[in-house]
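Q: This is what each chain is made of:
2 protein chains.
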Amino acid sequence: MTEYDYIRDGTAIYERSFAIIRAEADLSRFDAEEADVAIRMIHACGQVEAARHFVFSPGFVEAARTALKNGAPILCDAEMVARGVTQARLPANNEVVCTLRDPRTASLAAEIRNTRSAAAIDLWGERMAGAVVAIGNAPTALFYLLEKLRDGAPKPAAILGMPVGFVGAAESKDALAENSYGVPFAIVRGRLGGSAMTAAALNSLARPGL
Amino acid sequence: MTEYDYIRDGTAIYERSFAIIRAEADLSRFDAEEADVAIRMIHACGQVEAARHFVFSPGFVEAARTALKNGAPILCDAEMVARGVTQARLPANNEVVCTLRDPRTASLAAEIRNTRSAAAIDLWGERMAGAVVAIGNAPTALFYLLEKLRDGAPKPAAILGMPVGFVGAAESKDALAENSYGVPFAIVRGRLGGSAMTAAALNSLARPGL
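Order-wise, the sequence lines are chains A and B. Count along the first sequence from 1, add 3, and you get the number used in the numbering used here. Count along the second sequence from 1, add 3, and you get the number used in the numbering used here.
Each hint should be verified, as a subset may be incorrect.
Claimed, not checked - Residues on chain A that point at chain B, a partial pick, calculated with CB under 7 Å:
(1) E18
(2) S20
(3) A35
(4) V88
(5) M131
(6) V167
(7) L195
Stated by the list, open to error - Listed below are several chain B residues computed to face chain A (Cβ distance under 10 Å; list not exhaustive):
(8) E114
(9) I115
(10) A121
(11) A132
(12) G133
Claimed, not checked - Derived CB-CB ranges, DEER-like:
(13) B:A26 x A:E27: 43 to 49 Å
(14) A:E181 x B:T14: 27 to 33 Å
(15) A:G128 x B:Q90: 42 to 48 Å
(16) B:E65 x A:M4: 28 to 34 Å
(17) B:T69 x A:P211: 25 to 31 Å
(18) B:D29 x A:R210: 40 to 46 Å
(19) B:R92 x A:A113: 51 to 57 Å
(20) B:G193 x A:E174: 38 to 44 Å
(21) B:R25 x A:R210: 38 to 44 Å
(22) A:L213 x B:T69: 49 to 55 Å
(23) A:S110 x B:A15: 36 to 42 Å
Since the hints were derived computationally from the structure, they do not count as laboratory data. We put the CB at the ideal spot given by N, CA and C, even for glycine.
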């Protein structure tokens, strides 16, 4: 009879995971607050090497934390990002919004000649003002967000730009870093990113620590 | 005025992404069906190098595809995995189940002295027989699944063992590969894995191609 030897206590697993990450990852580029966020992002992807691609603009963590404390909504490009947010960590029972499956998205996409992920952003409307925006899946959503900011859309409090993939992901994040229209941001440079890393960053911003 | 140059057509983005992956990834260890699944998993994580950690047991793809065609439910350890499954790809309007937020999970976890992710599996019950099981988050869920199979639980048609992380992830997947109790399986060896990769594999198994 096979016996499986493993830790069965959730808190102990988290503690050991974060200790391994602190021991193995190079977090020297980050201040203490950024490192907290970085550790959760590393935890979500299982790779300490990912940290070298993380960029936090000055004041990003503070801006996102303050916005969340003050009740800002979290606007997500993908259902997986929204679903990855731990409700119990949110400091103000913040609304978590994903408009991708809104029935208007498909026709809007045809109208603006872009993807449904991009079109979904048009449905955020005035909620964008002061929100925490989390793009964890679609480069087109991030590009379209930048076009909207360029054209005078209401400014979010902070942007997490972390789409993943091979076409447009790296480019969209570089574009955000080059000109974020004054909004503090966090990105993962290159192809890495994704809904898990983005949700992990949101969960850390919502409440530091375990 | 900044102009953003990017592909705005979803299908074109997918096609180009998959072409890049085919050009860059070493898929020589896989047969054509396995390669299809592998490409989607690579797409989800943005890393062609991840392919070297993928293991498909003989007959896995066929077993999972057949089960889904015949209406098997998909049993997931995490909400993010369940949410990542594209309903429109499912061949038989298959049920996608995640019991993690079931109100009974917390007390069950205390009873079995394990995590909520493990306890949630106890609520799958007879649905495990012939199901496609997808563990994309918690190593404890995969270990506990193995304990249940060892103890005579109903056998799934196929198991996707892809938890991510630093504590127990590699070990739980090694344990599945060493003895899967006769169930065909796919794993991502080591620390890599996660809900996005797992959902991507499910989406490919549900319907090949774009």
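Q: Give a verdict on every hint.
A: Results of checking the hints against the structure:
Of the supplied interface hints, the one on A:E18 is violated, with its beta-carbon coming no nearer than about 9 Å to a beta-carbon of chain B, more than 7 Å. Among the interface hints, the one on A:S20 holds; its C-beta lies about 4 Å from the nearest C-beta in chain B, closer than the 7 Å criterion. Contact between A:A35 and chain B, as hinted, is not supported at the beta carbon level, the nearest pair being about 21 Å apart and thus beyond 7 Å. Contact between A:V88 and chain B, as hinted, is not supported at the beta carbon level, the nearest pair being about 10 Å apart and thus beyond 7 Å.
Taking 7 Å as the C-beta contact cut-off toward chain B, the hint placing A:M131 at the interface is violated, the least distance being around 18 Å. Interface hint at A:V167: satisfied, since its Cβ lies 4 Å from the closest Cβ of chain B, which is below the 7 Å cut-off. Taking 7 Å as the C-beta contact cut-off toward chain B, the hint placing A:L195 at the interface holds, the least distance being around 5 Å. The restraint placing B:E114 at the interface with chain A is violated, with a minimum CB-CB distance near 12 Å, outside the 10 Å limit.
For B:I115, the shortest C-beta to C-beta distance to chain A is roughly 8 Å, which falls under 10 Å, so the interface hint holds. For the restraint placing B:A121 at the interface with chain A, the shortest Cβ-Cβ distance is roughly 7 Å, inside the 10 Å limit, so the hint holds. The closest approach between the C-beta of B:A132 and any C-beta of chain A is roughly 21 Å, which is over the 10 Å cut-off, so the hint fails. With its C-beta approaching chain A no nearer than about 23 Å, B:G133 sits outside the 10 Å limit, and its interface hint is violated.
At roughly 32 Å, the beta-carbon separation of B:A26 and A:E27 lies outside the given 43 to 49 Å, and the hint is violated. Between A:E181 and B:T14 the Cβ separation comes to about 28 Å, which falls inside the hinted range of 27 to 33 Å. Against the hinted window of 42 to 48 Å, the Cβ-Cβ separation of A:G128 and B:Q90 comes to about 27 Å, which falls outside the hint. At about 31 Å, the beta-carbon gap between B:E65 and A:M4 stays in the expected band of 28 to 34 Å.
Checked against the hint of 25 to 31 Å, the C-beta distance between B:T69 and A:P211 comes to roughly 47 Å, which is inconsistent with it. For the pair B:D29 and A:R210, the supplied restraint of 40 to 46 Å holds, since their beta-carbon distance comes to about 41 Å. Distance hint check for B:R92 and A:A113: the Cβ-Cβ separation is about 21 Å, which falls outside the suggested range of 51 to 57 Å. In this structure the supplied range 38 to 44 Å is violated for B:G193 paired with A:E174, their Cβ-Cβ distance being about 29 Å.
Evaluation of the 38 to 44 Å hint for B:R25 and A:R210 yields a pass: the beta carbon distance comes to about 42 Å. Checking the proposed 49 to 55 Å range against A:L213 and B:T69 shows it is violated: the Cβ atoms sit about 43 Å from each other. A beta carbon spacing of about 20 Å between A:S110 and B:A15 contradicts the range 36 to 42 Å that was offered as a hint.
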